[in-house]
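Enquirer: Here is what each chain is made of, one letter per residue.
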Amino acid sequence: MKKIVIAIILLVVTGGMTRAQSIDVSGFARTYEGAKTESGDFSIIQQTLNLNFEKKGEKAAFKANPMLYLYNSDSLHLNLRELFVDMYFSNFDLRVGKQQIVWGKADGVFITDVVSPLNLTEFLLPDFDEIRIGVIATKLDYYVGNNTFEFVWVPQFTPITKPASNSIWYIQPDFPAQPTFNWNNSEIKPSLENSEMFIKYSAMTSVIDFDLMAAYTWDDTPAMHVNKIIDMSSGSPVLSGLNITPEYHRLSLAGASFSSEIKGVILRGEAAYYNGKYFQTEDPAAKDALIQKDYLNYVLGLDFNIGDVKLSAQFIQKYILDFDKNMIDDEINNMATFLARYDMLRETLHLELFSYIGLTNEDALIRPKLTYDFDDSFSILLGANIFVGDENGQFGRYHDNTMMYMKLKYNF
Amino acid sequence: MKTLKFVVTVAIVLVTSFGASAQLTGREIIDKTYNRPAGDDQTSILTMTLINKSGQSRVRKIKQFTKDFGDMEKKIMFFMSPADVKNTSFMNWSYDNDKADDQWIYLPAIKKTKRISSDSKSDYFMGSDFTYDDLGDRKLDADIHTLLREETINGFDCYVVENVSKDDEYMYSKTVSWIRKESFVGVKKEFYDEDGDLLKILTIKKVEKISGYWVIVSSEMKNIQKNHTTKINLTDVHVNTNVPASKFTERMMMRGI
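Here the protein sequences line up with chains C and X, keeping their order.
Under our numbering, the first residue of the first sequence is numbered 1, with each subsequent residue one higher.
Under our numbering, the first residue of the second sequence is numbered 1, with each subsequent residue one higher.
Hints were generated in silico from the structure; no laboratory data involved.
From a predicted model like this one, the values you see are computed outputs, not experimental measurements.
Heads up, some of the hints might be wrong.
Said to hold, decoys possible - Quick list of in silico lysine to any residue cross-link-like pairs, SDA-like style, CA-CA up to 25 Å: (1) X/K99 <-> C/F258; (2) C/K228 <-> C/Y142; (3) X/K32 <-> X/Y170; (4) X/K111 <-> C/Y142; (5) X/K139 <-> X/W214; (6) X/K247 <-> X/W214; (7) C/K310 <-> X/L107; (8) C/K98 <-> X/K111; (9) X/K74 <-> C/N91; (10) C/K98 <-> C/E187; (11) X/K247 <-> C/V102; (12) X/K222 <-> C/Y372; (13) C/K310 <-> X/K114.
Said to hold, decoys possible - Using C-beta positions, here's what the derived DEER-type ranges look like: (14) X/I45 <-> C/V25: 19 to 27 Å; (15) X/I45 <-> C/Q172: 51 to 59 Å; (16) X/A142 <-> C/L349: 26 to 34 Å; (17) X/E169 <-> C/L349: 22 to 30 Å; (18) X/G55 <-> C/I332: 57 to 65 Å; (19) C/N166 <-> X/Q225: 42 to 50 Å; (20) X/N35 <-> C/V25: 39 to 47 Å; (21) C/L408 <-> X/Y95: 43 to 51 Å; (22) X/S81 <-> C/L408: 17 to 25 Å; (23) C/A60 <-> X/Q225: 49 to 57 Å; (24) X/D193 <-> C/I380: 29 to 37 Å.
Every residue gets a Cβ at the ideal spot worked out from N, C-alpha and C, and that includes glycine.
Model the full structure from these sequences, guided by the hints.
Expert: Structure follows, in structure tokens:
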């Protein structure tokens with residue numbers, strides 16, 4: 001109820017601002033319903049109102065982007081996705097406030113794109129503009145021609161949002177004994193010492209576009225520090241329980257990305273070297289069942305056309321250096337993505353097929369979509385999310401969640 | 001008398017031969033059309049109205065800037081409407097030499113500037129009847145240009161030039177252009193499909209002299225086979241206002257207008 005009141009106040013206040021300050025208002029209203037094909041149960045019933053309030057001037061700009069999500073009939077979520085002020089100077093721009101920052105050249109995979117964390121409450125299914133969480137940050141862009149130096153300071157760490165335990169996207173971890181969680185160390189208090197820093201140099205030229213980046217950040221997913229409880233009452237040691245302490249750790253990385261056109265084909269690449277990530281291990285000698293390793297994550301992609309069909313393919317590899325055979329993760333994890341898109345009827349009917357393909361686990365998420373624009377504002381989308389393959393894979397394990405869905409959207 | 005006849009004959013021969021040497025070739029006419037003085041930079045608002053065979057219309061509005069950098073031309077477009085493409089921007093760098101254009105699109109929803117292929121020039125622009133190629137400057141020597149005849153159309157003395165692509169895979173088997181002789185501004189252009197049938201007719205509706213340069217401010221492309229039409233109107237046109245080079249950067253694509 002409190003959230004509804006806040007939302008109404010927000011709408012009234014901003015409506016008044018809009019009239020008084022001639023603030024530009026845009027956004028969309030959307031209804032989204034999906035049902036699981038196997039059981040017929042609804043997997044999602046979501047109504048969304050996205051509002052963009054913007055005011056742009058010669059020297060400054062302002063943007064507020066509240067999003068209201070109504071689940072089922074009475075569960076309202078207000079998400080202030082962005083709220084920032086821009087200041088424009090001759091050679092540099094400054095953006096202060098809550099903002100989404102997107103880096104890199106890859107599509108649908110996040111390698112150097114590490115500033116804004118992900119909201120994975122609905123796995124990877126939301127549109128990519130909705131899957132990122134805004135961070136409160138100060139961003140400075142300094143320009144020299146078509147070269148940009150970007151500095152981002154994030155005073156408060158924001159982790160990935162994971163599905164709640166009652167969500168169809170929640171995966172129950174498999175423990176050998178009853179776990180007890182201690183969440184006392186799982187919060188990073190905002191302070192200068194705990195802040196995150198990101199730096200990027202990017203260039204746009206007639207031959208190639210490229211970025212170089214580095215980050216001193218926190219790992220968005222907590223490391224699970226595991227302590228075994230051994231019961232000796234029977235005379236021999238028996239594992240009777242686990243004390244698990246989720247804890248966030250510092251992570252530093254450096255990376256680069258590029259895109260270039262060669263004879264009508266766009267070649268894209270992105271790579272990052274992650275230093276000192278904590279991985280889970282079954283090595284009995286390891287402290288807290290964790291081991292620190294560096295890893296390399298990279299993607300190579302092509303965008304091209306065959307006739308009127310637009311195609312895109314990416315190969316992604318994650319490679320753990322100095323691999324230890326007791327580690328839970330694979331030393332090498334290969335994945336691919338594939339996109340085909342065809343627009344017809346004067347760009348009013350759009351057919352799309354996007355797939356994540358797990359090459360290591362032989363599983364996939366296949367996402368066919370058909371969108372029809374009734375007019376410039378109103379569109380209907382019919383689609384499916386099909387999970388196939390190995391049930392231990394990151395896609396195959398959701399095979400029960402294969403669904404069909406419909407979205408009706410009104411843009412304004 | 002004999003002397004007079006001789007003089008007249010010489011004069012006729014001279015005039016005829018001068019006339020013949022002054023006769024432009026098809027290539028020269030198209031060269032003058034493509035390279036007609038257009039100023040160093042131009043700003044305008046482009047309104048594109050798409051009309052289907054039932055008469056229903058959809059409107060796209062774009063603010064655009066172009067600037068000549070000598071051996072290259074840069075263009076940046078900011079989409080103002082419809083709502084689902086608002087704040088999207090598109091930048092094109094085209095070169096006088098044979099280098100393919102460089103193109104980028106900024107998608108505000110995903111906050112990303114993407115390099116896109118300029119290979120798809122036969123794609124229709126935003127669902128209109130204009131391809132990217134129809135809207136841009138096609139390379140002069142991409143086609144073989146032949147002067148067919150001279151004729152008067154809409155009160156203008158025109159060259160009629162046939163243009164046949166050197167690329168067998170090109171979407172048009174030929175185009176035929178009517179070009180005003182005194183200003184090298186187009187009046188009409190016909191587009192023929194791969195089977196040689198008339199596909200589209202472009203009609204220049206209005207030309208204005210702005211800051212001393214001819215600018216086409218109103219035109220219409222009619223698809224004869226599918227019976228739909230796209231109208232383009234330019235408003236708020238300014239020429240030579242010293243648009244800064246910094247306008248044609250990723251910074252501006254992301255900032256918008």
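Enquirer: Taking the hints in turn, state whether each one holds.
Expert: Now the hints, each set against the structure:
1. X/K99 <-> C/F258: Satisfied, since the Cα-Cα distance of roughly 20 Å is no more than 25 Å.
2. C/K228 <-> C/Y142: violated, 51 Å
3. X/K32 <-> X/Y170: With Cα atoms ~23 Å apart, X/K32 and X/Y170 stay inside 25 Å; holds.
4. X/K111 <-> C/Y142: Distance of about 18 Å is within 25 Å: holds.
5. X/K139 <-> X/W214: holds, 21 Å
6. X/K247 <-> X/W214: holds, 24 Å
7. C/K310 <-> X/L107: Given that 25 Å is the threshold and the Cα spacing comes to 17 Å, the pair holds.
8. C/K98 <-> X/K111: Satisfied, since the Cα-Cα distance of roughly 14 Å is no more than 25 Å.
9. X/K74 <-> C/N91: Since the Cα atoms of X/K74 and C/N91 sit roughly 21 Å apart, the hinted pair holds (cutoff 25 Å).
10. C/K98 <-> C/E187: holds, 20 Å
11. X/K247 <-> C/V102: Holds: X/K247 and C/V102 sit about 22 Å apart, inside 25 Å.
12. X/K222 <-> C/Y372: holds, 24 Å
13. C/K310 <-> X/K114: holds, 14 Å
14. X/I45 <-> C/V25: 19 to 27 Å: holds, 21 Å
15. X/I45 <-> C/Q172: 51 to 59 Å: Once the Cβ atoms are compared, 57 Å apart, the range 51 to 59 Å for C/Q172 and X/I45 holds.
16. X/A142 <-> C/L349: 26 to 34 Å: The hint (26 to 34 Å, Cβ to Cβ) holds, given that X/A142 and C/L349 are roughly 31 Å apart.
17. X/E169 <-> C/L349: 22 to 30 Å: Check passed, 25 Å falls within 22 to 30 Å.
18. X/G55 <-> C/I332: 57 to 65 Å: At roughly 60 Å between Cβ atoms, C/I332 and X/G55 fall inside 57 to 65 Å, so the hint holds.
19. C/N166 <-> X/Q225: 42 to 50 Å: violated, 57 Å
20. X/N35 <-> C/V25: 39 to 47 Å: Because 44 Å falls inside the window, the suggested range holds.
21. C/L408 <-> X/Y95: 43 to 51 Å: holds, 44 Å
22. X/S81 <-> C/L408: 17 to 25 Å: Roughly 21 Å apart at Cβ, these two residues keep to the hinted range, so it holds.
23. C/A60 <-> X/Q225: 49 to 57 Å: holds, 51 Å
24. X/D193 <-> C/I380: 29 to 37 Å: Between X/D193 and C/I380, where Cβ atoms are some 32 Å apart, the hint holds.
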